[in-house]
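Chemist: Each chain, letter by letter, is given below.
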Amino acid sequence: MAFQILLNIFLAFIWMFLKVSYDPVTFFVGYFFGFLIVFAFRRFFNSRFYILRVIAVINLFFLFIKELLLANIAVLKVILKPRLDMKPGIFALPTELKEDWEITILANLITLTPGTLVVDISLDNKILYIHAMDMGDAQDEINNIKKTFERAIMEVSR
Amino acid sequence: MKTNDVILQTVTKITLFIIILFSIHLFFAGHYYPGGGFIGGLMTSGAIVLLLLAYDMKTVANILPIDYKYMIGVGLLFSVGTGAGALLFDAPFLTHAHSHVLLPLLGDTALHTAVLFDTGVYLVVIGVTMTIIQTIGEDE
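Protein sequence lines, in the order shown, are assigned to chains A and P.
For the first sequence, the working numbering begins at 42 and goes up steadily by one.
For the second sequence, the working numbering begins at 3 and goes up steadily by one.
Mixed in with the good hints there might be a few duds.
Simulated restraints on C-beta separations [claimed, not checked]: (1) P:E140 / A:T152: 21 to 31 Å; (2) P:I134 / A:F102: 12 to 22 Å; (3) P:K71 / A:T189: 43 to 53 Å.
Per the computed footprint, the stretches of chain P lying under chain A, defined by three or more beta-carbons under 8 Å from a beta-carbon of chain A, are [to be verified]: (4) 16-22; (5) 89-101.
In short, the hints are calculated from the structure, not lab data.
Bear in mind the structure is a predicted one, so any value in this text is a computation, not a measurement.
Glycine included, C-beta positions come from ideal geometry on N, C-alpha and C.
Here chain P stands alone, though its shape is the one from the complex (with noise of 0.2 Å):
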C-alpha cells in the first residue's frame, strides 16, 4: 500500500539539516569535549539514512550524487596523509602538530593536525555505513 509521506518528508526537510549541523558540532567538539570523528560521521550518515527513510534510493542518488566507496578511499589517504606528513619533518609516524594561528576574522585558534586525522575518520566512517546500507537496500 502507497502511504502519502507528506509530514515525514516536510519535518526531514528542516531536521535533516539540524542534525547535520549537531555532527559537525558534535566532530569538533571532540577535542575537549565528548565528540569526535566516530560520531559525528555516524550522525552524518544517520540524517542521510533519514533522508532515504522519507524517499526513495533514487531521489536520495539525484540529491548526493556521491560515490561512497571512494569516500572510504579518500578518508584513509587523510588519515595516512597526516600520519605519513610526520615523516617529512623527522618524527616517527603518526607525531602530531598543533600550534595557536590569529586568523582574520576568527581571530586566536588553535590549530591540530589531529583534526585532519579526525576528517579521515569522519569520511570512513560516513562512507562504510553508507555503503552498506546502500548495498542491503539495493538487494531485491
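Okay, chain A solo, but in the shape it has when bound (with noise of 0.2 Å):
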C-alpha cells in the first residue's frame, strides 16, 4: 500500500518536471494521471488498489465517530434511569487480530461501545477480556458489534 502511494507521488512530480510548472494544480493533475496508471495497472501489485483501504480506512472512522455518539446516549439514558437492575459482569471475546495496532484500534473501539470497556488483553494477545455494563441481554448483540468491527478493522489490514 505504502509502495503505491510512494509510486503515485513519485508519478506526480515526474508530471511536474515534465510540464516545467510547479503549481499544486499541476501537482493534482500528475497525481490523478498517476492514478490512472496505477488504477489500470492494479494487478500488477501484490497488494490490494491503494484507494480501496483508504475507503476502508474512512469507513472504519465514520463507524468510530457513530459509535461513539449511541455509546454517550446509552450511558445516558442509564444515568438518568431512577431504579439501577442492570447486571454488570466480565466476559472473555477471543481475536483474530494479530498485529498489534489493530488489537489496541479494537480496544479502543469496544470501550467506546455502548457499555463495554476492556479491562485486560492476555499475554499471547488473543483474548481480550471485557467489562460489560449489562451482561443479561447484551451479551449476544456486543459480539455482533465485535464482529462489524473486527471486520472493519481487517478491511483496513488485509
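These two chains come separately, so use the hints to put the complex back together.
Modeler: Okay, structure coming up:
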C-alpha cells in the first residue's frame, strides 16, 4: 500500500518536471494521471489497489464517530434511569487480529461501544477481557458489534 | 536455459509507470508541441511490450485483461463519433469546435474536440500494435 502511494506521488512529481510547472494544480493533475495508471496496473502489485484501503479507513472512522455518539446516549439513558437494575460482568472475547495496532484499535473501539470496557488483554494477544455494564441482554448483541468492528479493521489491514 | 530476470523485472516495475506517464504527456502536448495520439499510443504500447519482455504472455494477460481488438473498435468509434458530431450542429463532417472553460480546480482550460479524435487515434494505435505483437508472440 505504502509503495503504491509513494509511486503515485513520485509520478506526480515527474509530471511536474515534464510540464516545467510547479503549481499545486500541476501536482494534482499529475497525481490524477498517476492514479489512473496505477489503477490500470492494479493487478501488477501484490497488495490491493490502495484506494480500497483508504476507503476502509474512512469507513472505520465514521463507524468510530457513530459508536461514540451511540455509547454516550446509552450511558445517558442508564444514568437518568431511576432504578439501577443492570447486571455488570466480565466476559472473554477471542480475537483473530494479529498486529499490535489492530488489537489496540479494536480495544479502543470496544471501550467506546455502549456499555463495554476492555479491562485486560491476554499475554498472547488472543483474548480480550471485557467488562460489560449489562450482561443479561447484551451478550449476543455485543458479540455482533465486535464482529462488525473486527471485520472493519480486517478490511483495512487485509 | 532459464535465467533469473529479477533485475529486469524490478526495473520494469518502476520504468513502466514513468514511460506511460511520459506517453500521456506526449498525448496532451500534441496541440502545441511535438507529440499527439500516434506517438503517445506507440509509447504506451512500448511500455506494455517492455512488460511482455520482462514477464511472460500469461502474466501480462492477467495484469491487463484487455482484448486489444475491441480497443481498435472503440478507438474508431471515438474518431467517427467526433467527426459525425459536427453534423448535429449543421457543420461539415470533421469540423472541430473549441472553447475556454473555467473548471473548478484547473482554472482556465482550453477544451478542444480534436482531443477526442486524438483519443481515438491513441486507442487504435495501442490496439493495432498490441494485436500484431501478441499474434506473432502466440505463434509457436
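Chemist: It remains to establish, for every hint, whether it holds in the given structure.
Modeler: Each hint tested on the structure:
no.: 1; hint: P:E140 / A:T152: 21 to 31 Å; verdict: 59 Å, violated
no.: 2; hint: P:I134 / A:F102: 12 to 22 Å; verdict: 49 Å, violated
no.: 3; hint: P:K71 / A:T189: 43 to 53 Å; verdict: 45 Å, holds
no.: 4; hint: 16-22; verdict: holds (count 5)
no.: 5; hint: 89-101; verdict: violated (count 0)
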